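Number of protein chains: 2
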Amino acid sequence: AGDAAAGKAKSTICATCHGAEGIAIAPIYPNLKGQKAPYLVSSLKAYKSGQRKGGMSAIMVPQAMTLSDADMADLAAYYSEMK
Amino acid sequence: AGDAAAGKAKSTICATCHGAEGIAIAPIYPNLKGQKAPYLVSSLKAYKSGQRKGGMSAIMVPQAMTLSDADMADLAAYYSEMK
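Those protein sequences? They're chains A and B, same order as listed. Going by my numbering, the first residue of the first sequence is number 1, and it counts up by one from there. Going by my numbering, the first residue of the second sequence is number 1, and it counts up by one from there.
Chain A with its partners taken away, still in its complex shape (with noise of 0.2 Å):
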């Protein structure tokens, strides 16, 4: 599993779109908080490889290829652990 604190260090960018809470800024981004983790490493790995277009893919694709699966575990457990 994914290390919390390493996720939120690496969420800087995230929280641009998707808010500093996890509640996203705009209503056609989804919100991350207390999203299950598996789902949201599926989500970025569909992203990283070009099977999630559509949607707002034009962004998260470009975010997606950044991060190592390490970084998607990271991220996965701080948005899923967020209250």
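What the hints contain is simulated information worked out from the structure, not anything from laboratory work. Incorrect hints may appear among the rest.
Stated by the list, open to error - When the alpha-carbon atoms are kept at most 27 Å apart in a straight line, the in silico DSSO-like pairs for lysine-lysine are as follows: (1) B:K45 x A:K8; (2) B:K36 x A:K10; (3) B:K83 x A:K36; (4) B:K36 x B:K53; (5) B:K8 x A:K8; (6) A:K33 x A:K8; (7) B:K10 x A:K33; (8) B:K45 x B:K8; (9) B:K8 x A:K33; (10) A:K8 x A:K83; (11) B:K36 x A:K53; (12) B:K83 x A:K83; (13) B:K45 x A:K36; (14) B:K33 x A:K8; (15) B:K8 x B:K83; (16) B:K53 x A:K53; (17) B:K10 x B:K36; (18) B:K53 x B:K8; (19) B:K8 x A:K45; (20) A:K10 x B:K10; (21) A:K45 x B:K45; (22) B:K33 x A:K33; (23) B:K36 x A:K45; (24) A:K33 x A:K45; (25) B:K8 x B:K33; (26) B:K53 x A:K36; (27) B:K45 x A:K10; (28) B:K10 x A:K36; (29) B:K33 x A:K10.
Note that this is a predicted model, so its numbers are computed, not measured.
We have chain A already, so just place chain B on it with the hints.
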């Protein structure tokens, strides 16, 4: 915008994986409770159009194919308004 009551009536099959309270029954499925309605519609449309693959798309694509734009708006209203 969608009609949450109409969405509830259409959500029986969704609850199978996403839970009766919008909290997914397994960690690979996303929670939908309180999620942004436009994001939910965008996701359903991406599944329906085949733009969103990967993850659990094998389950979601056939589901999304059965939904009209009105169904999607109603379901999105239902889940986004869930407290």
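Status of the hints after comparison with the structure:
1. B:K45 x A:K8: violated, 31 Å
2. B:K36 x A:K10: holds, 23 Å
3. B:K83 x A:K36: Holds. K83 (chain B) to K36 (chain A) sits at ~18 Å (cutoff 27 Å).
4. B:K36 x B:K53: Cα-Cα ~21 Å, so holds.
5. B:K8 x A:K8: Roughly 35 Å between the alpha carbons, so the hint for K8 (chain B) and K8 (chain A) is violated.
6. A:K33 x A:K8: Since the Cα atoms of K33 (chain A) and K8 (chain A) sit roughly 12 Å apart, the hinted pair holds (cutoff 27 Å).
7. B:K10 x A:K33: Within the cut-off at roughly 26 Å; holds.
8. B:K45 x B:K8: Within the cut-off at roughly 19 Å; holds.
9. B:K8 x A:K33: holds, 23 Å
10. A:K8 x A:K83: The given pair, whose Cα atoms are some 13 Å apart, holds under the 27 Å limit.
11. B:K36 x A:K53: holds, 19 Å
12. B:K83 x A:K83: Given that 27 Å is the threshold and the Cα spacing comes to 15 Å, the pair holds.
13. B:K45 x A:K36: holds, 22 Å
14. B:K33 x A:K8: holds, 23 Å
15. B:K8 x B:K83: holds, 13 Å
16. B:K53 x A:K53: holds, 8 Å
17. B:K10 x B:K36: holds, 18 Å
18. B:K53 x B:K8: holds, 26 Å
19. B:K8 x A:K45: Given that 27 Å is the threshold and the Cα spacing comes to 31 Å, the pair is violated.
20. A:K10 x B:K10: violated, 38 Å
21. A:K45 x B:K45: holds, 20 Å
22. B:K33 x A:K33: holds, 11 Å
23. B:K36 x A:K45: Holds, at roughly 22 Å.
24. A:K33 x A:K45: Measuring from Cα to Cα gives roughly 19 Å; hence the hint holds.
25. B:K8 x B:K33: Holds. K8 (chain B) to K33 (chain B) sits at ~12 Å (cutoff 27 Å).
26. B:K53 x A:K36: holds, 19 Å
27. B:K45 x A:K10: violated, 30 Å
28. B:K10 x A:K36: holds, 23 Å
29. B:K33 x A:K10: Holds, because 26 Å separates the two Cα atoms, which is no more than 27 Å.
Checked against the numbered hints listed earlier, the structure breaks hints 1, 5, 19, 20, 27; every other hint is satisfied.
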